[in-house]
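K.L.:
Following the hints, complete the assembly by docking chain Y onto the known chain C.
So the chains spell out like this:
Number of protein chains: 2
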Amino acid sequence: MTNKHIHLNVFVPTTGHHEASWLYSGSQPERLTDVDYYREIAAIAERGKFDSLFLADQLAIGRSVKHVAQGKLEPLTLLSALAGSTSHIGLIATASTTYSEPYNLARQFASLDHISGGRAGWNIVTSWSAEAAGNFGLDQRNSHTDRYRRATEYVEVVRKLWDSWEDDARVLDRTLGIYADTARIHAIGHQGEAFRVRGPLDIPRSPQGNPVLVQAGSSDEGRGFAARYAEAIFTAQQDLGEAQGFYADVKRRALAFGRDPDGIKILPGLSPILGSTEAEARALEEELDDLTLPVVGLKHLSQRFDGFDFSVFPLDERIPIEAFPRPETVQGAQSRSQVILNIVEREKPTLRQLLRRLAGGRGHKVLAGTPKAVADHIQLWVEQRAADGFNIMPAFMPGGLSAFVDEVVPILQARGLFRRDYTGRSLREHYGLTRPESRYARSA
Amino acid sequence: MTNKHIHLNVFVPTTGHHEASWLYSGSQPERLTDVDYYREIAAIAERGKFDSLFLADQLAIGRSVKHVAQGKLEPLTLLSALAGSTSHIGLIATASTTYSEPYNLARQFASLDHISGGRAGWNIVTSWSAEAAGNFGLDQRNSHTDRYRRATEYVEVVRKLWDSWEDDARVLDRTLGIYADTARIHAIGHQGEAFRVRGPLDIPRSPQGNPVLVQAGSSDEGRGFAARYAEAIFTAQQDLGEAQGFYADVKRRALAFGRDPDGIKILPGLSPILGSTEAEARALEEELDDLTLPVVGLKHLSQRFDGFDFSVFPLDERIPIEAFPRPETVQGAQSRSQVILNIVEREKPTLRQLLRRLAGGRGHKVLAGTPKAVADHIQLWVEQRAADGFNIMPAFMPGGLSAFVDEVVPILQARGLFRRDYTGRSLREHYGLTRPESRYARSA
Numbered sequence: 001m002t003n004k005h006i007h008l009n010v011f012v013p014t015t016g017h018h019e020a021s022w023l024y025s026g027s028q029p030e031r032l033t034d035v036d037y038y039r040e041i042a043a044i045a046e047r048g049k050f051d052s053l054f055l056a057d058q059l060a061i062g063r064s065v066k067h068v069a070q071g072k073l074e075p076l077t078l079l080s081a082l083a084g085s086t087s088h089i090g091l092i093a094t095a096s097t098t099y100s101e102p103y104n105l106a107r108q109f110a111s112l113d114h115i116s117g118g119r120a121g122w123n124i125v126t127s128w129s130a131e132a133a134g135n136f137g138l139d140q141r142n143s144h145t146d147r148y149r150r151a152t153e154y155v156e157v158v159r160k161l162w163d164s165w166e167d168d169a170r171v172l173d174r175t176l177g178i179y180a181d182t183a184r185i186h187a188i189g190h191q192g193e194a195f196r197v198r199g200p201l202d203i204p205r206s207p208q209g210n211p212v213l214v215q216a217g218s219s220d221e222g223r224g225f226a227a228r229y230a231e232a233i234f235t236a237q238q239d240l241g242e243a244q245g246f247y248a249d250v251k252r253r254a255l256a257f258g259r260d261p262d263g264i265k266i267l268p269g270l271s272p273i274l275g276s277t278e279a280e281a282r283a284l285e286e287e288l289d290d291l292t293l294p295v296v297g298l299k300h301l302s303q304r305f306d307g308f309d310f311s312v313f314p315l316d317e318r319i320p321i322e323a324f325p326r327p328e329t330v331q332g333a334q335s336r337s338q339v340i341l342n343i344v345e346r347e348k349p350t351l352r353q354l355l356r357r358l359a360g361g362r363g364h365k366v367l368a369g370t371p372k373a374v375a376d377h378i379q380l381w382v383e384q385r386a387a388d389g390f391n392i393m394p395a396f397m398p399g400g401l402s403a404f405v406d407e408v409v410p411i412l413q414a415r416g417l418f419r420r421d422y423t424g425r426s427l428r429e430h431y432g433l434t435r436p437e438s439r440y441a442r443s444a
Numbered sequence: 001m002t003n004k005h006i007h008l009n010v011f012v013p014t015t016g017h018h019e020a021s022w023l024y025s026g027s028q029p030e031r032l033t034d035v036d037y038y039r040e041i042a043a044i045a046e047r048g049k050f051d052s053l054f055l056a057d058q059l060a061i062g063r064s065v066k067h068v069a070q071g072k073l074e075p076l077t078l079l080s081a082l083a084g085s086t087s088h089i090g091l092i093a094t095a096s097t098t099y100s101e102p103y104n105l106a107r108q109f110a111s112l113d114h115i116s117g118g119r120a121g122w123n124i125v126t127s128w129s130a131e132a133a134g135n136f137g138l139d140q141r142n143s144h145t146d147r148y149r150r151a152t153e154y155v156e157v158v159r160k161l162w163d164s165w166e167d168d169a170r171v172l173d174r175t176l177g178i179y180a181d182t183a184r185i186h187a188i189g190h191q192g193e194a195f196r197v198r199g200p201l202d203i204p205r206s207p208q209g210n211p212v213l214v215q216a217g218s219s220d221e222g223r224g225f226a227a228r229y230a231e232a233i234f235t236a237q238q239d240l241g242e243a244q245g246f247y248a249d250v251k252r253r254a255l256a257f258g259r260d261p262d263g264i265k266i267l268p269g270l271s272p273i274l275g276s277t278e279a280e281a282r283a284l285e286e287e288l289d290d291l292t293l294p295v296v297g298l299k300h301l302s303q304r305f306d307g308f309d310f311s312v313f314p315l316d317e318r319i320p321i322e323a324f325p326r327p328e329t330v331q332g333a334q335s336r337s338q339v340i341l342n343i344v345e346r347e348k349p350t351l352r353q354l355l356r357r358l359a360g361g362r363g364h365k366v367l368a369g370t371p372k373a374v375a376d377h378i379q380l381w382v383e384q385r386a387a388d389g390f391n392i393m394p395a396f397m398p399g400g401l402s403a404f405v406d407e408v409v410p411i412l413q414a415r416g417l418f419r420r421d422y423t424g425r426s427l428r429e430h431y432g433l434t435r436p437e438s439r440y441a442r443s444a
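Each protein sequence line maps, in turn, to chains C and Y.
Take 1 as the starting number for the first sequence in the UniProt record's numbering and just add one per residue.
Take 1 as the starting number for the second sequence in the UniProt record's numbering and just add one per residue.
Excised from the complex, chain C in its bound form (with noise of 0.2 Å):
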């Protein structure tokens, strides 16, 4: 495995990743609707010569809007204002199959290709939040099971019409007065279930063919759905024995459909939290812990249980796993709860131990450590086949990021695991995936 480099994304938040991040001084809060302030994230991001950046995307303010950073930019404008002032970095946007029409999401993502010159990628999201529900006329969400076979139809429409102009279908030939082969560009005709929708795109093909497919559901399902589209995974993974086995699974999975396991690239999120010393980055993580107040830390666990109100618990005392929803009935992100529980179970913390515990990484694995050892920690889950690399989370912005970059990257280039410079233009060169020809292409 060594031989081979790693993958590192970095997840843009609005002010971090830590829930109290906007409380810490080395954060920005009053800059998240300044383009400049993602501009330059981008550009450390890409001076660490990161495969690519991430823009998550919920649809709705979280109900803690009083206390926590929230109102950014939305991602597919965002990121087309962002390919301008970068080169290389690829650009992924989050965007939801639920409530959104696949005409206008495959031409927004194929737009941002040709603006980028190959680096977008698609964020595939179900939306699990009621508020979201709430802001596109629906009562309550719908169901698990229904969002992902709306999902599953949604990305077979896109990929048709992202496939709809073959590759060389503009002829622009000026003497015979033709502009295009229209035997090269194919309605799609797509009848199904939720969708009728009659193509081509208005678009030629972009540059990556097909924008990369990105999916960060970790359920059942998810899993079934990523192996079956996605080419990057996004996945909350606390611990090396789970996340082999998440691993393992998922490219058992890929491989059962006739694909390549090399080009499904798993990316755990990690929240490095870095001192100089293993004691200076425990002070850091306990500064920013202890700026959490639990009114924020309860909700967000709420929302993670379908709303379950968890308040009335006894802040100081153990929380029996028992008193949790199952998860497999939860109709929001499952295995995020899935992930909690596990936390309970194997660390038996009391609430307000639980609050401050997911306040890091809502579930993702935050690591407070010197740059070694995260560097370490990333050696070892790669070697371990437990990544392809990682979803770096900073905890907060834009000084977590470039800590990263300036004291972790260059261990890893050291080591030879990760890349000293970009080798190619397009987000599918720096995954190492290749570029799917048009279905529609004739063999020659």
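Do not take every clue at face value.
Each pair may be met inside one copy or between any two copies, as identical chains are not told apart.
With a Cα cut of at most 20 Å, we get these calculated SDA-like pairs of lysine to any residue [as the list claims (entries may be wrong)]:
{"no.": "1", "residue 1": "Lys-251", "residue 2": "Gln-384"}
{"no.": "2", "residue 1": "Lys-49", "residue 2": "Thr-423"}
{"no.": "3", "residue 1": "Lys-66", "residue 2": "Val-171"}
{"no.": "4", "residue 1": "Lys-66", "residue 2": "Asp-173"}
{"no.": "5", "residue 1": "Lys-251", "residue 2": "Thr-434"}
{"no.": "6", "residue 1": "Lys-372", "residue 2": "Arg-419"}
{"no.": "7", "residue 1": "Lys-66", "residue 2": "Gly-177"}
For the record, the hints were derived by calculation from the structure and aren't laboratory data.
P.N.:
Chain Y in isolation, oriented as in the chain C frame:
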């Protein structure tokens, strides 16, 4: 009127507004998906101190892709990219109220407004083409009246969402741990015929408060809609008298809605074909018209009249006005079909002549002449209260635009009719429009 500055918008086409522009050596059809092509156009327009640039959108490719250059980039992503390469010019994207969700549209325009520092405008369309309908699961498009009813509710929802964060909602008080004052962030609780949207938006209020609303419908329903909401109107006008009538009617209707008639800028389309002498201009117009193909013109004409087949008529005979469908029965763009009928009535062309007549501007005014003649036309129409400025539609790109900027703009500036430099930064400032306060703002 002459003490008032006129407004100039450039309508950015594919290769040019002339139907055959891609066949003309001065156009660049190979660059339609190249963001640098649009950056170059935006830079020329900004050098010319234009108020704004504008991208149309059809949500489908037309039926003549074999012979007509099509397949450009998606407006919102493209304008987000252009925001970074420009500093002052307004950025107007067309987006449909028929095939999208108001929450998605509201946030993308709010985001573009943040990204551009207050330069976003939304050209509201109801999408008349049957081709677009087929890409969104409809067997046929909705009727003209249904589209406008939905559009009215849609715009109300979007404006509420844009107002849902008051300007000072973010408090950012780290000492008290208060990020936002939730009393100044409002659920909109919209419950209407077509939409139920809880809100608030997930993006703080944007620099312009509301991006500028632009509209291009000129039918009776379109005028009513524009008089109520639009802050700029694009319209096709061939004749001074008719344009004066339209101008007076829209301003009167706006007044009836309690609006300041100056708060709605009327910008007829104008496709200038420039030459250093009138003969030279006419020769260029001939050269472009000679490149047209009747098969293309017939398809475009057919599209304007709900698919009516004109190819049954002999090309070189006068086409009787009775042969056309009556405009009030047209479910597509009613006002444009009326413009075409007026041409037929006035000029009594053969079918071939009519097709050539429409090849330049699809019903918009084409003016072949010297820079002085074009400047005279602009001045006359503005002084005669037929226009507040023009929607400039270069016949071919980018040369047609740079000729206008280099040759016509200086004349307008020398006459004191047009700005020599920008005095404001936002599109509202360029158009002389006030910044609306949030409807939810408490009176102090």
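K.L.:
Against each hint, give a clear statement of whether it holds in the structure.
P.N.:
Going through the hints against the structure:
no.	hint	result
1	Lys-251 x Gln-384	within (14 Å within a copy, 72 Å between copies)
2	Lys-49 x Thr-423	within (10 Å within a copy, 41 Å between copies)
3	Lys-66 x Val-171	between (56 Å within a copy, 9 Å between copies)
4	Lys-66 x Asp-173	between (60 Å within a copy, 10 Å between copies)
5	Lys-251 x Thr-434	within (17 Å within a copy, 58 Å between copies)
6	Lys-372 x Arg-419	within (18 Å within a copy, 60 Å between copies)
7	Lys-66 x Gly-177	between (61 Å within a copy, 8 Å between copies)
Consistency note: the structure conflicts with none of the earlier hints.
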